[in-house]
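Colleague: Protein chains in written order, with the working numbering: chain A, 1 to 445; chain B, 1 to 445; chain C, 1 to 445; chain D, 1 to 445.
Possibly wrong hints are sitting among the right ones.
To list a few chain D residues with every Cβ distance to chain A over 10 Å, as calculated [as the list claims (entries may be wrong)]: (1) D24; (2) G129; (3) D131; (4) T138; (5) R144; (6) A160; (7) L222; (8) D351; (9) T398; (10) Q404; (11) L405; (12) A408; (13) A413; (14) G414.
Short, incomplete list of chain D residues facing chain B, as computed with Cβ under 8 Å [stated by the list, open to error]: (15) L157; (16) Q158; (17) M261; (18) S263; (19) N284; (20) P285; (21) P289; (22) A303; (23) A307; (24) T343.
FYI, nobody ran anything at the bench for these hints, they're computed from the structure. We put the beta carbon where it would ideally sit given N, CA and C, even for glycine.
Protein chains: 4
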Amino acid sequence: MSVPPPRLLDALFTTTAMAGVLSDRARLQAMLDFEAALARAEGVCGVIPARAAAVIATTCHVERLDVAALGAALGAAGNPALPLIAGLTAAVAAQDPEAAGWVHWGATSQDVIDTGAVLQLRTALDLIGNDLDRLCETLRAQIRAHRHTVMCGRTLLQHAVPITLGLKLAGTLDALHRARTRLRETRERALVVQFGGAAGTLAALGGQGAAVIRHLAAELGLATAALPWHAQRDRVAETGTTLALLVGSLAKLARDVALLMQSEVAEAGETLAGTSSTMPHKRNPIACPLVIAAATRLPGLAATLLAALPQEHERGLGGWHAEWETLPEICRLTAGALAQMHTVVEGLEIDAARMRATLVAAPGLAAAESLAFALAAHLGRPAAHELVARLAREAQSTGRTLEQLAAAIPEVAGRLSRAELAAACDPAQQLGAAQEFIDQVLDAT
Amino acid sequence: MSVPPPRLLDALFTTTAMAGVLSDRARLQAMLDFEAALARAEGVCGVIPARAAAVIATTCHVERLDVAALGAALGAAGNPALPLIAGLTAAVAAQDPEAAGWVHWGATSQDVIDTGAVLQLRTALDLIGNDLDRLCETLRAQIRAHRHTVMCGRTLLQHAVPITLGLKLAGTLDALHRARTRLRETRERALVVQFGGAAGTLAALGGQGAAVIRHLAAELGLATAALPWHAQRDRVAETGTTLALLVGSLAKLARDVALLMQSEVAEAGETLAGTSSTMPHKRNPIACPLVIAAATRLPGLAATLLAALPQEHERGLGGWHAEWETLPEICRLTAGALAQMHTVVEGLEIDAARMRATLVAAPGLAAAESLAFALAAHLGRPAAHELVARLAREAQSTGRTLEQLAAAIPEVAGRLSRAELAAACDPAQQLGAAQEFIDQVLDAT
Amino acid sequence: MSVPPPRLLDALFTTTAMAGVLSDRARLQAMLDFEAALARAEGVCGVIPARAAAVIATTCHVERLDVAALGAALGAAGNPALPLIAGLTAAVAAQDPEAAGWVHWGATSQDVIDTGAVLQLRTALDLIGNDLDRLCETLRAQIRAHRHTVMCGRTLLQHAVPITLGLKLAGTLDALHRARTRLRETRERALVVQFGGAAGTLAALGGQGAAVIRHLAAELGLATAALPWHAQRDRVAETGTTLALLVGSLAKLARDVALLMQSEVAEAGETLAGTSSTMPHKRNPIACPLVIAAATRLPGLAATLLAALPQEHERGLGGWHAEWETLPEICRLTAGALAQMHTVVEGLEIDAARMRATLVAAPGLAAAESLAFALAAHLGRPAAHELVARLAREAQSTGRTLEQLAAAIPEVAGRLSRAELAAACDPAQQLGAAQEFIDQVLDAT
Amino acid sequence: MSVPPPRLLDALFTTTAMAGVLSDRARLQAMLDFEAALARAEGVCGVIPARAAAVIATTCHVERLDVAALGAALGAAGNPALPLIAGLTAAVAAQDPEAAGWVHWGATSQDVIDTGAVLQLRTALDLIGNDLDRLCETLRAQIRAHRHTVMCGRTLLQHAVPITLGLKLAGTLDALHRARTRLRETRERALVVQFGGAAGTLAALGGQGAAVIRHLAAELGLATAALPWHAQRDRVAETGTTLALLVGSLAKLARDVALLMQSEVAEAGETLAGTSSTMPHKRNPIACPLVIAAATRLPGLAATLLAALPQEHERGLGGWHAEWETLPEICRLTAGALAQMHTVVEGLEIDAARMRATLVAAPGLAAAESLAFALAAHLGRPAAHELVARLAREAQSTGRTLEQLAAAIPEVAGRLSRAELAAACDPAQQLGAAQEFIDQVLDAT
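Same shape as in the complex, but just chain A (with noise of 0.2 Å):
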């Protein structure tokens, strides 16, 4: 079987190393690392011969199994197991038909998919953990480097005080450390071997299910359950969510970019902005839609995995199926939106003194919280914000700014001084415990 070729859109929606774990190849190819462990481990036990066990382990590889014939075979089976299992007994019967007859001994189906899609999934999520490491680390470089970086903060799309673009950051780099967490707590509930045989009882193995399951699980590297999980789904699903979760974080960067980006405030933006097929003077954001698509893509397919909870018995009617094409795509579009998230803070083009600019620009409005709250203390909180707003809305028509305003009447001259009006309307001194909390955030890890 050559390596299939990836998905067209792979270059936008995810990385090349993610495509290569999630290819039908590598899912084959996880599912026979289950059957050669499982023969290496029954072989310890004595279930079954040394040299049947050696036989099998060493046929275990998608370029021995007549991979068209079993994709032919696939849809009467109504899995992917029954044609790979009778592949792998053809090439094992083709060196020793003896050993033939003891491949996935004891095991089920949804043993070997199963299993086989948690190895899968612990690349998957090395390679998702190593690049949130990677954007944290890039993300914390960001934040020293702008931690004083003086900005407006916009509630509800309007301007409000001042921040840094240090806390902004700041922000997302906690949220990721709480994914980073989850991830890790995920991580140690998932990836554990499924061997349950038929039902979930090893019935076939006689006494030796436990033992056999202890040597697989060290074949493979992997944790042990405390019991076969065929239709307890709650891992998987719990792995859909965490991965949501993350992408959702990064979505909310992404959103914060596209949106300084805009034409009207140009205060920072993707490096590699992309042209258009019309317009030779547009930089159009080309990393942070996809991280959206990514996180509008993801909440459905988690909401999939948690519909599909509910499984009947000892194996699903249909939930388990609902699963095999929507974890992988989870992941799939995980290391997409990581990847470009990397591209875009990596490369975040900023201009601080537009930042600065804005702040000043709107004519002294970021000042105006902080001159309510110094007057508040004269003129008790309801006649201050009267008051302030009464001189917003003056600055705003005559664009004069808010401290020449305010200078200028004796509710304010008769009780600021010079230097506390100035200090009022200083972004720079409004930024309160941000430097505290960009602290606080970067001491964690």
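Chains B, C and D: place on chain A using the hints.
Modeller: Using the frame of chain A, we list chains B, C and D on its own:
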């Protein structure tokens, strides 16, 4: 570009025909079909030179493109239109450098991506419509064959009063009639050309925009929209919900068949029932779980398209991109579910004797409702209800039938004649309006 | 039962009228309306005594029920029909013990719950239809008023070529026309009576089933279904998706308005903009976020109804129950989104001068596309594109306009006359087919 | 404000305790608890006068507010914080006009809404945690009681090899152990105070921000976050997915019980099974459908929270608003599902004799796997599989048991002793590692 192999699980989740329609190759060709039609339309309208139009149109074949180069350029471009147009322009330039300047004239990336997707969708909906018609025909035949086949109605998975298998299937046919109507309505709205240029005004075509649209639509056999719909995506999302509704109705029957196929029920089942890798005696449902799997996945996929609706200004920031793989996936799964369901319905193994036996064996309990109603006319509903409940409990504990027990007590014997009592306890006489209902469904078209 | 107070957040998420339609009281009354109509229909058909029918029908008022007792009995019953029927039977018995025996005659719990829900739905869809018509009218007026109000088209949140505000709003009106058509189609399918008795055969009515259905439907002003639809729930799910599509289209405009309302853009905004509890100068969008919130919630709610479709046999095991609060919630949010959007559109504050200024201030860049197209006829598209891109960069760095720069170089001066160059750079002359598009939308009805 | 009556269907979908926690009254009181704690914290830190702090804190009771006025003002305000603060300010002013100026000092609407929601969530998660612990205890008791109760394993709804009821229940307990761990992890992340002021810097508190947060958190018994999380909503969405995972695992068991309760199976069922309004003999599942309904609704509700994650800048434009009713609804349904499931498990009616009879009556077919495995050691797997499949078909058509048929043919008789054959056909000897698996679950905590 060689035809890429199908995805491994296509054999389970879609049809060969649909896999072809949705392949990467078909996606690129559909986009080229747009470019060819655009060139011809603009040639006819005198917007571009006739000679250039001819050269472009004849070059628009995927075999003429360097697909590997296209794939390599995709990541940096952010959408498949830019490298496709670059590739097409190069291929045209190789024949006629002047013509190359008129490729994609006045169009934007979204025009070619969207119209290409609409062209693929048209073929996909053709396939789905045909398969739906075929399924309806097969259902009609089964309904006619089994309109009098009595079986137990089941509510909340408990035995209720008798129905017929024909009535059960008629419920699905009735739902599929609605699905067919929705499909027709959706087609009419969705199969429209997209052509608006940079921001939906066709500014680059001067006064010729509307004329070019009309010719373009005629070339492609699509309808025109009242205006470009770059950021109005309800047509796309509606296609998703219409297909999700259809698949949900299919899965309702799939679930029923799988329930009837249970070892304990065994009243009906799939013909090509699968074998187990561990249990030689098992006859597993193959198609029903796959239909249920599709119905488990479609709600999340349709929700993705709904969630993507609020797109920004004249082109969406990620919402649009979220459609690119989601709508094809919906078509893919719908085709698979229809095909699987046709297999189920056409080959449905029906054990009419066992169906009737179930009605009788549950010792006459199917008669409980009709007896209660027959008595209610004499005793009032509450008293009749209570009396029959008492008899039913007695029937269950003694193994005698309700008819036998009822005949023996004066409250009944004094009020119902033997014949009335027998009629009240004969399933075939307790079918109410079932035949009229069946006819109302069969008479609809 | 006293009218229960609205839910606290009803003021944000729905209308008073819709809250009334969906109240618990209205739910109970709608169920009683079914019982009254059923009694009358069965009286007319001679299935129950005319006198009993009359007593039952006049007792079917929620004020006659002991709602507290009903609530207390609900948990053990598992559905609201059983305690309602018990309460109704008691109230009828208090007047005429014999009539009490004919309450709910031949019907099952699902008949009354479903038809009650359909009656509520009819009024809900009436409200929604009226509010949608009203919104369309208001939009038409704004489109007419602003069909020539030029503004910047924006793709991927970047400045693109000019459009008009009327064209932008026409896109939404066009989508709402489709929403109106869908609503009409869905109404026709969804507003049907449910009446099938224990398992959908109306066995208890002997040969009178179909006749009673017709009278019942006539009494209630509903259509009849071809057959009972206890476990065929596509009508319910379709109602959800139709409304989700509508709200998605509303949120598209809400998002646009909120983006136009940004401090940096300030081209349009809500009239009744809110104030901040901390920042006196802020004018927050109030309605737009609520519409977007509704559009964020509806995909998941609609997906719930889709996921509930595969219901078991003749009555669903949980899928049906999942609809009881979900469909009302969808109606509730749709009404709220429509009302909020009407407020937004009707009171839209538009700064046409600023819209025009944006087009010009971005130093002539809006002209880039039209200049590139004008030159392409002379230089070929690639060369023209490249030339304009160079000029655009120069414009951005120098602050001079594209027109000024273009006029100064021989590649342009030698090919375009002054007038041609000026035309290529005048937004009002770069609107292509915008007016035709607007007319096509306004002419549709 | 009088305590509002519960929603009509609360009796089905939640518990009385949870309805109280999530009531509108509780929502307002939780917000007032924030305001009281804020005043006290700011009083202690010297940010506001101690006397003002005291007056404010003692006024923060919902009984002191004019709730009707609050409701009336809500629509124009766009969020519940503004009218609440206005009402509180008025109530404080009535006692101490000066103190009124210090109400809500330095906080923004989102601080009070979010922290109020966290306070409600804490109580909600307490209830859920307790109910989950209680359910686990009840499950443990049933597992211990039925660890040896043999029953038929069922895969794809077909009879498979024997399991025990204890093993089936242990699968759910194992899943609930993971649910409990997730709940603990989520609690730790989610129960944090929100306090950031206008844009997350606490600018209005000068250098006192971090100190006030610490005191505020201590007052409320919440943890502090590394920084304000106004637009980082992964904690909220994670709460939704954690609960959706839990309810999905509950519904898995609910579905199994409903399947076992089928008329044809009747091996186990709900104690308090419901009666039908039309069919006196029916014993409907009541609780199981409600649990399945919850599991049908939660994926869509959780997906809503996931879809809301990418919120704009320092306060979301609708995403935040989408949480306000969605998270409470998730808590509401989770509590209901837990309570219903406890009823089911505690009162589970188990017919162990019938379970065993099922295994035997299906004429020895449960033995097929073990016989095939026993023979495989002699004949090789393919030949053994084929032989047993032939015998199984013969058993089904003749009504004889597999053991009888096998004993009669030389391929078996020559290879297995009578005792080996009997052992291979005795369900109680085919349980493999079931008891070890059960112990591994019971030993976990």
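Colleague: Look at each hint and say if it fits the structure.
Modeller: Status of the hints after comparison with the structure:
1. D24: 24 Å, holds
2. G129: Label holds. Min Cβ-Cβ 17 Å, cutoff 10 Å.
3. D131: 18 Å, holds
4. T138: Check passes; 18 Å lies beyond 10 Å.
5. R144: With a cut-off of 10 Å, D:R144 remains clear of chain A, as the shortest Cβ separation is near 15 Å.
6. A160: 4 Å, violated
7. L222: 16 Å, holds
8. D351: Nearest chain A Cβ is 17 Å from D:D351, so the label holds.
9. T398: 24 Å, holds
10. Q404: Given that every Cβ of chain A is farther than 10 Å from that of D:Q404, nearest at about 21 Å, it holds.
11. L405: 20 Å, holds
12. A408: 24 Å, holds
13. A413: 21 Å, holds
14. G414: At about 18 Å from chain A, D:G414 clears the 10 Å cut-off, so the statement holds.
15. L157: Status holds, d = 5 Å.
16. Q158: 5 Å, holds
17. M261: 7 Å, holds
18. S263: 4 Å, holds
19. N284: 5 Å, holds
20. P285: 6 Å, holds
21. P289: 6 Å, holds
22. A303: 6 Å, holds
23. A307: 5 Å, holds
24. T343: For D:T343, the interface hint is violated, since the closest Cβ of chain B sits about 16 Å away, which is over 8 Å.
Violated hints for the displayed structure, listed by number in ascending order: 6, 24.
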